[in-house]
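Chains as they are written, first to last, in UniProt numbering: chain A, 1 to 86; chain B, 1 to 1207.
It cannot be assumed that every hint is accurate.
Covered stretches of chain A, as calculated for chain B (at least 3 residues, CB under 8 angstroms) [as the list claims (entries may be wrong)]:
1. 18-25
2. 30-37
3. 44-56
4. 67-80
These are calculated hints, taken from the structure and not from any lab test.
In this text, a Cβ means the ideal position worked out from N, Cα and C, and glycines have one as well.
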Amino acid sequence: MADKLRTQQELERLQAKYIGTGHPDTTSWEWKTNIQRDTSASIVGHPPLLGLVALAQNEPTAKVRARLIRSMIQPAGPPPAREGDE
Amino acid sequence: MSDSDFEQIRKAQAERNAITAAKKGSRTFDPATQRADSSTRVRLGDAYGEENGDKFAGYHTSLPAADEDEEMEDVDNSRRLVGQYTATQSQIDEFAHGDGVEEDDILAGRGEKSNRITDRETDYQKRRFDRALTPTRADPFAANRQAGASEDGETYRTVMERRDIEREEERVRRAIEQKAREGSGDDNQPLLKDGADKENDDAGSTEAVAAGRKRKQRWDAAPTPDASGTPAPESKKRSRWDQTPAVGVPAAETKKKSSRWDLAPSATPIGNAGLATPAHSSQTAVLPMTADASSRYMQLSDEELDMMLPGPDEGYQILPFPEGYAPVRAPAHRMMQPPTPATGFMMQDPDSVRLSGQAVPKEIPGVGDLQFFKPEDMAYFGKLTDGADEESLSVEELKERKIMRLLLKVKNGTPPMRKTALRQLTDNARNFGAGPLFNQILPLLMEKTLEDQERHLLVKVIDRILYKLDDLVRPYVHKILVVIEPLLIDQDYYARVEGREIISNLSKAAGLASMISTMRPDIDNADEYVRNTTARAFAVVASALGIPALLPFLQAVCRSKKSWQARHTGVKIVQQIPILMGCAVLPHLKKLVDCIGPNLNDEQTKVRTVTSLAIAALAEASNPYGIESFDEILNPLWTGARKQRGKGLAGFLKAVGYIIPLMDEEYANYYTGQIMEILLREFASPDEEMKKVVLKVISQCAATDGVTASYLKKEVLDEFFKSFWVRRNAGDKRTYRPVVETTVDLGQKVGVSEILGRIVNNLKDESEAYRKMTMETIEKIVASLGAADIDERLETRLIDGILHAFQEQTVEDIIMLNGFGSVVNALGARCKPYLPQIASTILWRLNNKSPTVRQQAADLISRIAMVMQQCGEDGLMGKLGLVLYEYLGEEYPEVLGSILGALRSIVTVVGISQMKPPIKDLLPRLTPILRNRHEKVQENTIDLVGRIADRGPESVNAREWMRICFELLDMLKAHKKGIRRAANNTFGFIAKAIGPQDVLATLLNNLRVQERQSRVNTAVAIGIVAETCAPFTVLPALMNEYRVPELNVQNGVLKSLSFLFEYIGEMAKDYVYAVTPLLEDALIDRDQVHRQTAASVVKHIALGVVGLGCEDAMVHLLNLLYPNLFETSPHVIDRIVEAIEAIRMAVGPGLVLNYVWAGLFHPARKVRTPYWRLYNDAYVQAADAMVPYYPNLVENGIDRGELAIVL
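One chain only, chain B, in its complex shape (with noise of 0.2 angstroms):
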């Protein structure tokens, strides 16, 4: 295009852009966007130091306006004779704004970011403070029945019949605020049916009290009659205190009441019942007393007591203890009394002891330095800090702070410490004990204020121990259970897994018979928590080992005429089991299939939705097969599904979707008409969730063969845009995205143009989300299927309405910068008649006063840098990169990168020579942005000149590619490894260039700095040189620096060395017997890092030479190598070894195994293992080619006579 052209098109444009701007609003082109001062801004002649500017730049140029303060600011003017002295205006502010004190958020901790587990929890999984851990369950499967520790558990009789209590106790629950409400105090029918209950209703409490949940029968907290104003009956008859104890209370009960002792202690929850939720008492500690709750009451420390009493100076003593006197120490239960609520008015004294957090010991005796302490784990681990003398406790005390020793190392340690401590717990489990372990660690992990990282150390203890106690571990299946299943339903991905490992594990470690009689009773339970996350775990289970195995107990549950949460939870764990293992379910399909079709026709709602959410489930694990085993359940499934209405039909329709895709063709096409209409009904469906399924299920529909374009385009496009694409749906981020995808499905099927011809006025819609919304739309349908669809007219619309939606964008967005990539690459050649158009929206928006716009046109340039060649608009790039390199200048780094990436790609597409503004001129703007440390930046530009390097070297002289080589040297050490990779390229296409000697001599010189990085990266950078250059250009001066006695220098030569053969490879041939001698010197060095390194070099010679001769040079190195074999250092040995199977590689394995036969039975186990080390990478790597070479054995009764034989 000539430049009157250009010029013309410009002239329309500000035509155009004139009636624009009049138009109201629009961002289009609005001049109070442009940056007015383009000081930034670089004339082609302005680098040269051209005198066209103002010399006056940077100063001053007129007198200052009123706006600032003319005055000097330190000068005091008053008349005082006395000089005035007050606060510095740091201070002043400092007070104004409370710095550092007010502005402390205290809340900052919180949220998504915190490290806490409790804060980032929804109410849901915060249920799990709920769930108590139960008594240790007594072991029927223990191998000895007999055997006295596991019989004092708790029965599986009297679990149930715990649970079956709980769910009475829970229907009058119920029935007594139905009454409530109903206000009859019908005062005289009990409530309870007799005593026995009663007994049993405290055992449950027992559990409810330890759990901290708000029972409402508890004799603690109010009943609920009573909150709501109405007389409770018989609710007084329910506290403990004035009910006359059953005749002969068996003796169980005391036994379970004692348990509540070795209970978490730390879930007991307040006693004040006026509080909804009992507090813990780790959270009451607001003010500074935060070490223990009872900090009010706090001893008297000695200092204290020196203070107030008089002290020795007047005659008094301070006497030891008595004989055998012991403190009473507070057992760690008593910590968790209820404290009075803190109240009133206290000084912070940043002095006073019982503030300053001495409570909390900054050190634990027999611990050492710990990374933290928080005054939580005071009330796990105080005893450490009693000072009780060791000698005087019993071994199960003794025991006991070990364990605790070492829990705490591992959850508050050193990872040194960690280590060791976690696996002084590992080895000694079984001494331990099951019980004293899991006591101590079960409690820790139903804390509070958990962390992640502490959470996760104690799960990886429990996962330890789990194998080393094997089955000793069924007593506390449910407990573990109680404080892991939880982590099933966290949104950390990784818990979830950690989580699934331990209880797979304990499925493992427990047996099924044992890990079903103890969750069991969990399945109805009355919490639906409890039974969602035992569904989970028990899906686990199944996985871990084997559906069959647990097909029977399923059958029976889905079964249940009992009850319904039975029949519920059991579904449950067939929806989850697909989850958790995919297409692994194949095989078992049909049966877990059966098990749950009945379910589809419960006389719960509940009950079925589920059933049909396990049924898609399955579908969508099985796809594309086991079809089959869906027959039985076709047809209540879509007789259900005309049946249902709300939230059920949403699960029906949900199976429906993913079941059709698993069909052929006739019948899906059948099905779908039949499920369609009850699709097109639930389009107008409020619901949320509705549409949701809706979408997904046209999608799946859209998708499968049977479906054909024109169903679609007659039955279900109109109606589907009618709802679909309205403005609300692209506000919300949870419509936005089903609909985007949808309609990219149905787009596959009916073509660009049927969807393109629906939505493309939008890109003109006022609002702007439902312009991104159409833009990401046809970015990803134009992506996929190309543009050949689209005829002229449309082709028009498209453009004219993507230039608008990205002129109009109030934020720029990368959704419009791909998508007006992805249209104009797709267009192609077709772009002809728009370019200039685009050309000039980019230019203007290049000026723009935003950082971001800027920096989106320029990456704009780099998408369609491609298209504008293809369409021969060369002056066109030349004017867009004359601009671009007018605006090198820029501050903003992120702007500055994306410029140099439009440039970069502009001198792809039209090569060096063509290039404007020319190379020369480009080069030396680009030197000092190599100095730039903004990573974009810095990859952009060692991009653009490495591809300058590289393509048109000549264009620059010698001195100014030295130049730009010292400013590469320090890219070397960038973070980033593409950079570094990038340098080290440009380092070989300048040596290319320029010859490598004067390279060479800057990298040899680099070799001696101090940083690590930036020497590997030199060795790197020379090896690559030796690669363009030839190897024989390099290697004499390498070896030469070789001779400089200075231990960094040396291992940089091998190091390059090493490089070097790695890259040159089969040209190492020629060079073997000239590096000999310098690795003889490396290989006997004294320093093993200097071996090390010789190895490596001596493993790429080898891998070089593989087949090319050279065997007498590689057994001499095998030789200087071999000695090295007993290096214990696993980086050293690693490299030797690998440095000898190279030679292997090189010399055949029979010559190299000769020297392994020595070693393989030598007496001393130091001497076999790396010899087998050897011998066994031998075997599998040339386990056949080793036949011939194994020792003559005839003597020891081998005969291999075979292979002897000669014809």
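Extracted from the complex, chain A is given alone in its bound form (with noise of 0.2 angstroms):
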């Protein structure tokens, strides 16, 4: 019991430090958010593949830069409703 005390412990420390993790209640709109947000961080921290998608898409660097940043604000939507909350 204390070791199940520990792992949950070691969970909370694990999600403090990288957000993106999950545990068995993660829903599935956290999961798909997390996906999105880490998908456009990967491409605006990587300048070279930041500049492939620049140039497709025929925008200035910085443009297409700060779009990738703003759609990382619910990128999944909003939160669904929680069932406890009508």
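Make one complex out of these two single chains by using the hints.
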């Protein structure tokens, strides 16, 4: 049982450090949000990739970058209403 | 050096020795210390059975002299016809010595080693028993003030009033004492002001009664004036019974009185006015009637009644209890009633029920088997044994019993019991409520016979329930503090940490306002102990809730006009904060210093002293920053240092000492000059504390850049050596250390020769402690600064002194050895002229009677072997090597270990080929020593053997190496890790020397033994052999061994493979396909340990082949691994997950994550859990690499179109 407590604490620590990690109760909305954010962040974080996207879309890199960063706000739509919230 | 030289030196030495020996009392070359019989010495030839020894060795060579009894002991040589029967010798001996009876030292458990906390405590720490658990407080900060429950506690006002009265009491008591001393009995003057006070006095003494503190005003304690023989004016009036109750006694009063019931029963004093310290009931139980204090009047047991009264066979009948009868059970507090001191004699009858500790039950109903149950526990947990019917009890009582049971399990139970009980307590904490919980836990913590383990567990309980109870604890904060604060001044570091943690959790749960209002009354408590612990607790609160939150309060307290105690405590809190928080005080340094600054000029000496100490603590914590914060107080500090004397001065100097290192050069120089005058004056101070402070300040000043070497040489050194380098200081541990440290610190500035020149003569002092102190100083200075500074003259004196000190030691000390080693190593090649002399000393001491002398001599060889090599004294080393070889028969393992260590260091520096004695002679002598079970011997032999196997295996034949291999197998199960590691490495060297086949066969056989430790190490050894001799020499045999249908062997093989692949790393790519079928088989085995070990093999293979291809094999193994994901045993699942991760490294996350997507949102939580674990691990290690491989979720509204762009 103490073991369970420890794993729980470890998971919490992990989650505090890496927001993208999940647990058995992660909803698919949370997961999708993280996926989308990770993707945008990855493109923004790799300048060559960002350049490629910018070239393909015929936009300045700065604009693409800003758009990608902005798209990180609720990329998978607003959070679904919780069942108990009605 | 040639032999003739050596002989010459020997002769010269012999002459010198003769001269020294002529001097009285010298131990240098005293032949009396030498071993006459060197039966343990083995000459070089002996090992091979050469006939040169005495073949009668071991037999008596002469008839026995008169010392011993020649007659056979067991024969009765009298002429009696009847055999005499008498007790055996062992029995007589037993009676003579009282073996097992009188010899049992009843104090054995006491002192340092005792588990009981009270036994180790100082008188000051014992004062914690003077504190009482105060009544529950009201919670003014409760969210709902109307809540009835929290309202019936004491309010802040009453507590403060009570404190005032206590202080007044204290003052009055002092006044009475004063008057009694003066002898002027002024009867007319009333000592108390009015009746109202008296009322509250009683309230105060309520606490006192509960606390066991001996209050002078209490009715049951003799007032002091009586004790001193003068009539006590007014004192009679104070007794409670003859006092007319004041009109309109407030209702609160009765309530307060009632609170006495729930206080710690343990602390109730015994009403014997004659005793100075009220004895505790559990301590009075000296006679075997331990169980309970009133056991003299213990109820008769059923057996006893049966014996006394006629039974059914005589026509009598035992009637059952009438309906509705409940036996009167003595409640806990009644058991504490004053027992008559046990007097008189009592037969020790082992059969007696009363003596056999019957009253302490072995088992408490509903609790199960406990680890132990102490008689003292009966007072608390006795209720559980009364066998009351649970159904007839009220809910509250049931709850109480439940808590009691759980606490008992936690305190006395076995670990698993403890665990579950602790969890139940934690989980139900809010249901039980704070009151019932703390009312039971806290008295337990006040118990005098509490042991470390019990205290730890109870504190743990408090810690856990604090979390759960949160703000419900507020009414109990003070009670908790009373029991936890003493932990803050415990000697045990962990107890202190525990105490801090509790208080910090408590302050987080209760909140700052509540903490302050609870602890405020204790800040100017009359008792210094209470103030001290409160200050420490406040510091913890400050570190938990942040210094800024507490600062306004601290400022107010430090400026309190009402009492100096409050100011003192306030400053003390500020002192404790940096001690607790270290450099974290820096952001608030200025405010803290400003807060206590004015107190430097306080009218009370104590406040001034503690202020200077607080400044010292702040400066120490903020070093090397923050000098600007101290600007304000520099002036008062320096002028204060001039004005103060005695203890106050020590504090000021300490503060100065800590502030000077913060200053920049110029200022430091100036201020040092200012303070040096005082320091030099205080050099002569006889006060220990002052000495310590002065030394500390000197070393701090010397360490700052601003203070120059020339200044120190001119102003300080002479005085310093005159006052501190005296024999008296060497004898006293408290001054010894600071003197050495300060001298070393001065040496850092002024150089080696300056210091050494002054102290080197002390090495020839007659006081051994003084020589030791000198040696330690020299060692430290030379080790840190080297010997380049030492001129030739000094060098001679130094070596001479060291040799003298080394030879003259009566107790062999590591300091001497270290000093010798450091100096010789620092001098290096300059030692050459002295080496023959040193070597002859060593040789002489190697033959000493005392084993410690021999051991030290051998240790010295290992220290200086390197220097001897540098000086080119190979011949001398050969001599030493031969002598050491001769002493390999040494019977003391510690000495033997050192001798082996010395041999090893010689082998290391001269090399295998030049070694004397030759390796082929040395190694056979080592083989039997390998069997020695002593750790030091084992470690040194295996090291030596390993070195030989590594550097010169050809000097011994293969058969000898195999023999050594067999001996080494035993070492694989040694307790010490170093030995096991050395043995494993040696296997590698030997395998390299004689080829792996034979060694491997030996090792594979060893896989079949029962011992796990041994098997594991064999597996490691196989791995090492494979690493040193290339895997293809080992793998076929190993894989063949897997066919043995025996679990241990197969597991051993898998384990070996695991180590093997761990060691060979990238080489694994050539063997992956070879071992895959074997792993297939292992991974689908029924036994889960089998699969676990196979998984760890897979892990090491996969990590070895990262980036080297082999993906097909890895995916194949992954398919076999994956079904194991639902294993629940922690070891197994950990290995499986690790293996899957390793494969992810080898084949990339995309492929492996395809397995993971399937289960992330599976309907069953049991499935989701391990899948998320895999996902999280992948995410932490390779989040970026996962981006392209996330599943396509376009229809779910996730459009990651950017990734699909192709130009």
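Hint check:
1. 18-25: holds (count 6)
2. 30-37: That given contact holds, which follows from 4 residues of the region 30-37 of chain A lying within Cβ reach (below 8 angstroms) of chain B.
3. 44-56: holds (count 5)
4. 67-80: holds (count 4)
Against the hints set out earlier in the document, no violation occurs for any number.
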